[in-house]
Amino acid sequence: MSVIEEGAQDPDGPGGQVSDEADQERGVRERAARERFERARVRTPSRVEGPAIVGSQVFGGAVGRFATIGRRGWPFVAALLSAAASVMVALSVLQKSHCVKVGWGSPGSLWRACYSDIPISGGGSGGPWASGGPGQSQPVLTAVLTWFAQKIVPGGSSLERQQMLFAVGAVIVVICIALTVTATAATLRNTPWLAAHVALSPVLITASMVSFDVFGVALAALGLWAWARHRPLLAGVLLGAAVMARSYPLVFVAVLVLLCLRDGRRHDLTRLVAGVMGVSAICIGLAAAVGGEPFAPYAGWNDAGPGYGSVWLLLQIAGVNIPAHPLTVIALAGWVIALLVGFIAVRVRPDVAFAPLALLMLVVVLLTGKAIPVQACLWLLPLLALCAVRWRDHLIWAGVEIVYFIMVWMYIAAPSNAPKGLPGAAYAVFSLARTLAYVGIAWAAWDSSASARTAIGGDPVHRPVPARSATLVALPVGD
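For reference, each letter of the sequence shown is one residue, going 28 to 506 in the working numbering.
To be clear, the hints were calculated from the coordinates, so they are not data collected in a lab. Check each hint, because a few of them may be wrong.
Said to hold, decoys possible - Now the in silico label distances, taken between C-beta atoms and shown as ranges:
#1 P442 to H125: 12 to 22 Å
#2 S184 to V338: 35 to 45 Å
#3 S184 to L367: 52 to 62 Å
#4 P450 to A110: 36 to 46 Å
#5 S184 to N329: 32 to 42 Å
#6 D474 to R374: 12 to 22 Å
Said to hold, decoys possible - SDA-like mimics (lysine to any residue), calculated; alpha carbons at most 25 Å apart, straight line:
#7 K128 to I433
#8 K178 to G132
#9 K128 to N217
#10 K178 to V127
#11 K447 to A111
Keep in mind it's a predicted model, so treat the numbers as computed, not measured. All residues carry an ideal CB built from backbone N, CA and C; glycine is no exception.
Throw the hints in and build the complete structure from the sequences for me.
If you want it as structure tokens, here you go:
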């Protein structure tokens with residue numbers, strides 16, 4: 028006969044059942060508390076997130092307990108955040124004030140970290156693809172935009188033209204960021220304040236005026252909005268235009284293809300691909316018809332060696348040289364790896380949302396590419412908003428990005444003044460830290476999106492197609 032010690036409880040007896048019920052009740056309370064926190068974090072971050080609480084003091088403090096959330100709708104939020112984004116661009120112009128005063132000559136623009144492609148990219152007197160024109164180094168639509176900006180600038184001295192072109196570029200950048208913010212807020216109709224991850228990101232101060240990358244970002248954000256509104260052909264047209272501005276939106280197209288195959292949305296997939304391919308073919312065809320070389324930037328990329336920001340440049344600093352063409356193979360393999368990662372993620376986690384998967388695949392493409400330019404961070408901003416990433420994680424990543432922004436110019440300028448410049452070993456440390464920051468923000472975005480999905484209202488981009496209810500049509504009856 029077994030003997031139960033005094034004071035002990037039989038796990039299968041009444042005491043054990045009470046303990047199990049208490050654990051279950053505690054688990055229910057904890058889950059409810061987490062859901063309430065995530066709902067507050069997503070809808071009213073100034074109440075619960077430390078960085079948002081501190082930042083809200085500039086605008087009058089956190090949202091009050093009895094405030095009505097969402098009463099004015101997403102258009103009001105988009106307008107307010109677009110105005111705030113224009114201030115960030117103004118700060119970017121201020122950050123480059125030295126070059127605005129004296130020009131963008133080298134190495135002065137490097138030491139002052141005010142380099143920009145906008146006032147100096149292309150100087151041809153003909154069309155976009157004339158000798159020395161922007162079409163030699165920029166994709167089709169970005170080349171056309173740069174050429175257009177150059178054409179509306181009046182004549183004058185070299186410095187005056189650079190200053191005017193930079194001013195026109197600032198207006199274009201403000202418009203593009205406002206479009207990105209508006210499209211993101213419209214996509215996140217239930218939680219439009221998440222678009223603040225685009226409008227108020229510190230990286231806008233350093234990166235927004237480096238190039239016209241925000242043009243492609245705006246087109247891509249509009250394409251995602253169109254997809255969220257169940258307009259696959261329009262989404263394909265806009266994403267195709269974004270691809271003609273920069274190649275990164277191909278990642279977004281690939282993610283939508285994977286999600287359509289997962290959900291059996293063959294009709295939407297066909298219209299999406301038709302829009303992307305149609306716009307791409309038209310842009311390339313028109314460029315070729317006017318005597319341009321639309322593939323020249325890609326040929327230049329194929330012949331280029333490792334660029335700034337890439338892990339392959341760190342190997343070169345360490346004395347391991349990788350020729351250009353093997354690097355091209357590695358970069359293309361990175362796209363294949365990103366597709367495999369996306370395919371596996373969709374199989375392992377069938378409910379995966381668009382934004383975290385797109386961010387994960389984009390980071391894979393960036394880290395395996397030939398270079399990660401300082402303006403590449405702009406492509407992450409709409410995805411961070413769609414993932415409802417925590418502001419703490421966003422600011423940590425942005426802080427690393429800003430420090431790298433300063434250090435990379437010191438490294439590039441080092442040959443002109445070695446004692447003043449940044450040594451290769453020190454640059455490698457900052458570049459590696461940036462690489463880890465990209466991995467970290469991808470992980471944080473994946474985690475944030477999963478925990479905040481209920482508060483966001485599901486996947487804000489790849490929404491289920493609404494069922495079409497049958498309608499009765501009254502036919503006219505003759506006399």
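Outcome of the hint check:
no.	hint	verdict
1	P442 to H125: 12 to 22 Å	20 Å, holds
2	S184 to V338: 35 to 45 Å	42 Å, holds
3	S184 to L367: 52 to 62 Å	53 Å, holds
4	P450 to A110: 36 to 46 Å	42 Å, holds
5	S184 to N329: 32 to 42 Å	37 Å, holds
6	D474 to R374: 12 to 22 Å	20 Å, holds
7	K128 to I433	20 Å, holds
8	K178 to G132	22 Å, holds
9	K128 to N217	44 Å, violated
10	K178 to V127	20 Å, holds
11	K447 to A111	36 Å, violated
Going down the numbered hints, you'll see the structure goes against 9 and 11, while the others check out.
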